[in-house]
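Chemist: Sequence:
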Amino acid sequence: MQVTDLSVWNEIVAKQKTSGAGDHDQSESLSVDPARNVHDFGILTLEIVSGKVPLPEEQESFLNLVAEYLNGNGGASSLVDPALKDHKDEELRIISEVIQDCVNPDPPKRPTMKDVTSKLKGVIPISPEAAMPRLSPLWWAELEILSIKAS
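Residues in the sequence shown are numbered consecutively from 326, following our numbering.
FYI, nobody ran anything at the bench for these hints, they're computed from the structure.
You can trust all of the hints, since none of them are fake.
With a straight-line Cα cutoff of 25 Å, these simulated DMTMM-like cross-link-like pairs (lysine to aspartate or glutamate) come out: (1) 377 to 426; (2) 434 to 416; (3) 446 to 416; (4) 474 to 372; (5) 439 to 358; (6) 439 to 372; (7) 434 to 383; (8) 434 to 365; (9) 377 to 414; (10) 474 to 411; (11) 439 to 365; (12) 434 to 422.
The calculated label-pair distances, taken between Cβ atoms and stated as ranges, are: (13) 381 to 429: 17 to 23 Å; (14) 462 to 426: 36 to 42 Å; (15) 462 to 365: 32 to 38 Å; (16) 407 to 365: 23 to 29 Å; (17) 381 to 463: 37 to 43 Å; (18) 429 to 469: 35 to 41 Å.
Since this is a predicted model, take the numbers as computed values, not measurements.
For glycine and all other residues, C-beta sits at the position ideal for the given N, C-alpha and C.
Build the full structure now, drawing on both the sequences and the hints.
Modeler: Shown next, in the form of structure tokens:
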């Protein structure tokens, strides 16, 4: 399953409604609204790039601060988590554009996930095979070493 595979939410919500699992409020919170999911993807991407997780009540002011940075008052690279040492300016510029498009306050103006993935695939050269977790214990050990070095 890919992060952008939003059809999984349709299945989860349908199963909850038919099985009666969970309360009504929980199934309502699992949104299958594509514009809302695009917004959430933008927030998630922003959190990954910045290394900051805003509280719900801070989200609007955080997005305003991000917009200032991305529109030239500091540049996108000043927003990047220092733990992300190696990044390419062009990749960051495109990712920043994707974030801004995804968190647009006007839902009809947000891109589709297909548009988002297309734009990201164009700038981030990673094959589907490279993105898939491997079963090799060596791969997991390398991942653990990288995460320790990053912290």
